[in-house]
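K.L.:
Taking the hints into account, I'd like the entire structure generated from these sequences.
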Amino acid sequence: MAIHTNLYLLVFLPLVMLAYQLVPRKMRWGVLLAASYALYISFSSFLVLLLMATSFFTWKIALWMDEIGAQCALKQKECTDRKQKSEVKKDFQKKRVKVLRLGVLVLLGILFYVNYYNFVAENVNIFLGVLGAKLPMARVMFPMGISFYTLEAVGYMADVYWERYPAEKHLGKVALFLSFFPQIMEGPIARFPDTADALFSGEPIKMENISEGYLRIIWGLSKKMIVSDRLTLLTNQIFNNHKEYHGSFIIMAAIAYTIQLYMEFSGSIDIVIGSGKMFGVTIPENFNQPFSAQSAAEFWRRWHMSLGNWFKNYLFYPMTVSPLVKNWSKKARKKYGKYWSMVGTSAMALFPVWVATGVWHGAGWKYLFYGMYYFVILLLGVALEPLKEKRYQKLGIDPNAPWLKTLRILKTWVIIFTGELFFNAKTLTIGFEMFFSIFGNFHISSIWKYWPYDLLSEGDVCAIIGGSIIVWIIGFLKEHGWDAREKILHASTPARWSVFLACAFALLLFGAYGTGYQPVDLIYAGF
Amino acid sequence: MEELLEILRDIDDSVDYEKETALIDDHILDSFGIITLIGEIEETFDIEVDAAEMTPENFNSAQAMWKMIQRLQEN
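Chains A and B are the protein sequences, given in the same order.
Heads up: the first sequence begins at -17 in the numbering used here, then just goes up one per residue.
Heads up: the second sequence begins at 441 in the numbering used here, then just goes up one per residue.
Be aware that a few hints might be false.
Computed, partial: chain B to chain A, Cβ under 8 angstroms [stated by the list, open to error]: (1) 472; (2) 479; (3) 491; (4) 494.
Quick look at which bits of chain A chain B covers, simulated, 3 or more residues with Cβ under 8 angstroms [unchecked claim]: (5) 292 to 300; (6) 315 to 324.
To be clear, the hints were calculated from the coordinates, so they are not data collected in a lab.
No experiment lies behind these values; they were computed from the predicted model shown.
C-beta: ideal position from N, C-alpha, C; glycine also.
P.N.:
This is how it looks when you write it as structure tokens:
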């Protein structure tokens, strides 16, 4: 039961809301947890036990670290001077870090086994084959959402270790934070303080929250059903049969897939955020007009923000201040100067982040390439920044001139489209085949000549273009301080309801249903 | 404090660091700016900034950074 289906939206969600409202406030978190596990069982049946075990383990590890912290505080009271206190703290921190390592290794170990074991075994076997040996392949069932809830659990344990907040004593609160049903399939990856209190507080369902949630859900569904589901037909056809198409179609497929992915993923997140809002829970945003970005680095601050923030907080910054990187950085400053020290430090901190970002999406060389592609682009961005500034000064160009901003946005689009071409190609080799066919076999006129009308009629193309333009205008206005959603929610009741009904009609009228259309699975639910 | 402001101005001189209170939240200081900043403040103030300190609250304003530096110098 995916979150974009009628079963979820018209039956499951309203029933959970009803049950939530009917039970006493103190028990409402229990309704949300039961609903979360019920939805999880509908995907992954008995693997719900793994989710439960992860929750219990995470809760216990955090409490264990807190317990050691409390013992440390007691011991410190016996100390007479600051130096002694500091020594005691160091000793206890060593114990706490061992517990943290245990927690992280177990959770990441499970994630690795489920996602990557077969990929690693397959590649290792190529070498072992020479020696006549072979690693056995595993029959692994994929637990839905494991890539999302594992990161949430690791983030929670790390925050408790860093004493950013105390360990939660109530097991149910941790379990609900990790399994809340709208988020379990596609995120966003939340931090414990983002949602846990609101999930647990049992706030009554309010009309204003229903309005806001409904609007968000209908907006997300529209992005998915009017634009993304139509584009799926086209991109599947071209990506699955790329040799039959000219380079112009390959470029179009890369652009179409990027739009499809954005509409689908951001649309699903709208449904997630809208569902949370119904219960008064504010789930963190995951997108912020990513196509307004003027650089690849800015794009990643606007696209899948929760994943980017997670890697920044739990990998990039810890790497930046790790003894290895700091020692290197200090030596490099003396030897090579500030600039090269900064570039080298950035490379050392960025590399693991982009390996992890690549393989987080799945096991495959194309995902690793996707990560490395952005690693190189971001590192070049850092290295060339001072040169760029000098060149602007030399040529007397205003770096904030609108034409330059537009050029930067277009350049970023090319980077994004190219990245998504490799991301969605079946394999890395096919990705390269498709990429190089752009240069050797490009005929713009072939788009009109060989357009697959059986897949997308003129009407479909109009719906895709019209839908994309509306999404772009609303994003553009928000970027410039005019939030359409806020305006609608604060409009008079008749005006608000007119918009609600118009949105529902637009979805019914222009959504992709009927013959030729299959319900399209959520892309990120597969990661 | 003046030394810290100089370090910050060296990274980006277009920001009014005495007034700005959302350096991280508004992405005025990006991750690469942070890398430079950490190296500079560790050397200048003879402190060790560890991962636990890497929160927006510690870097959102020059004042917050200064408080963190003083706290780390005391430890």
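K.L.:
Among the hints numbered above, which are violated by the structure, and what are their numbers in rising order?
P.N.:
none
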